[in-house]
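The listed protein sequences correspond, in order, to chains A and B. Numbering-wise (the working numbering), the first sequence opens with residue 367 and increments by one. Numbering-wise (the working numbering), the second sequence opens with residue 26 and increments by one.
Certain hints may be false.
[As the list claims (entries may be wrong)] For each label pair, taking beta carbons as the anchor points, the in silico distance ranges come out as: (1) B/Glu30 - A/Ala416: 32 to 42 Å; (2) B/His123 - A/Trp498: 13 to 23 Å; (3) B/Gly96 - A/Gly404: 20 to 30 Å.
[To be verified] Covered stretches of chain B (chain A as the covering partner; in silico rule of three or more C-beta atoms under 8 Å from a C-beta of chain A): (4) 44-58; (5) 92-105; (6) 114-125.
In case anyone wonders, no lab produced these hints; they're calculated from the structure. Idealized CB from N, CA, C, for every residue including glycine.
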Amino acid sequence: MREPQFQQRLERLGFDARERAELADHVECRAQQLERAGLSRAEAVERACAGLGDLRQIARELHAPRVRRMQLQRVLGAALVLAALGVIPLSAGVLGGLLAAAPLGLVLALVASGLWASFGPRRAAAAWRVAWEGGVVEFERARAAVRVFERGERLAWVAGPIAFLVLAAVEASRLADPPQFYSGLARAALALPCGAILGAFVFGTLATWARETCGDRGDGDRLALEGGPTGPQP
Amino acid sequence: MPARELIAASSVPLVLAVLARGESYGYAILQGVAELSEGRLAWGEGMLYPVLHRLERDGLVDASWGRSEVGRERKYYRITAAGRAALARHRDEWLGVHRTLERAWGAIGAAHA
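Excised from the complex, chain B in its bound form:
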């Protein structure tokens, strides 16, 4: 299981990435994250909502109310253009870190060989 700090840092890009695949709602977003992470990232379910509401306040996602298949009220979220731009920024940053670490570990491997 990744460190809490890592999970914290990845929460926003992950939610945005799930929403980039299409409009979704709270529970389905959690399932999307679980699916993407293959169960490796354990999120406390309820704390997804503060993240979503913050993204909404920041204009990175839009929300609207609709009905579930059984007629229950449901809040749907969709990524905005600003959200896509933020996701692209996150992606660049994470890829930068990933490449750096890969090179660092490659160098360690070469030194040990």
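Same shape as in the complex, but just chain A:
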């Protein structure tokens, strides 16, 4: 990779000007050392760029806090939407509100019971604690959290349609009263977006976060994985 290509690639990967300057300085230092060892300028730059390793991985690592903030915002946003789906209809009266909250409640109950059955209360709660604490997390705890959140994601996607079917079946008893039946069916249909939002935005985001945290047990781990000599020898 030549210098301009290297800079372009850094730009494409979202490195800001300061980060690009820092990495360019690193490449230049290394290239000069390789030139002193007898390599041509072009070869030296190419090897120096390659020596940095996987730029995509470096970008991910450097920007991880930014990504985590965005993920947290997504989770909070989804939680607000879910809360709104459940709470706003309370204006229609307590009973109406409870009925409208039923889709969300049922989806949550299905997911919670699924997680309970799969992992038990302690392991499921531990995953939430990991997400709550944030920051650098022990590898094993983060990996356990990944399993819980991935299962939660799958469960939420399935729980939406199941809750819809259950609630629709309950509403079927009001078939004789079509306006009541259709409004009940519309309420039951809220279970579908509830499941999707819970799956994609809450559990999906948390699973992604925990997966990234798994790789965060110490950057030195990747330092070793990336390989490449660091000594003065070319």
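Put chain B on the given structure of chain A with help from the hints.
Below, chain B without anything else, positioned relative to chain A:
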């Protein structure tokens, strides 16, 4: 070559130890680590920077921009008081592990003798 986990665990104290010797920049820090480890710890060069940036975020190192000897922009890092305290903690922990292992291996040696 030490196991990856060991290299991972030692990355922060090593970077802090290099910076405790004086202000430095990315490439020179890598050379410092290579020199200290006598080439035994192979780090992927680029992944030093996430470590440095994390230490900066955590307030363990300070950074400022300057110029290299040929006028190129360069980011210099220096250890902070919090960084020195963290380094001291790391040192105690690693020495504790080292002494424990030494005693354990000494006991095994004595048992075999």
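Hint by hint, here is what the structure shows:
Checked against the hint of 32 to 42 Å, the C-beta distance between B/Glu30 and A/Ala416 comes to roughly 26 Å, which is inconsistent with it. Evaluation of the 13 to 23 Å hint for B/His123 and A/Trp498 yields a failure: the beta carbon distance comes to about 35 Å. One distance hint, 20 to 30 Å for the beta-carbon pair B/Gly96 and A/Gly404, holds here, with the actual separation near 26 Å. For the stretch 44-58 of chain B, the stated coverage by chain A holds: 7 residues have a C-beta nearer than 8 Å to a C-beta of that chain, and at least 3 were required.
Note: the stretch 92-105 of chain B has 5 residues with beta-carbon separation from chain A under 8 Å; the three-residue rule is met and the coverage holds. Counting residues of the stretch 114-125 of chain B whose beta carbon lies closer than 8 Å to any beta carbon of chain A gives 0, which falls short of the minimum of three for the stated coverage.
Violated hints, in rising order: 1, 2 and 6; the structure is consistent with all others.
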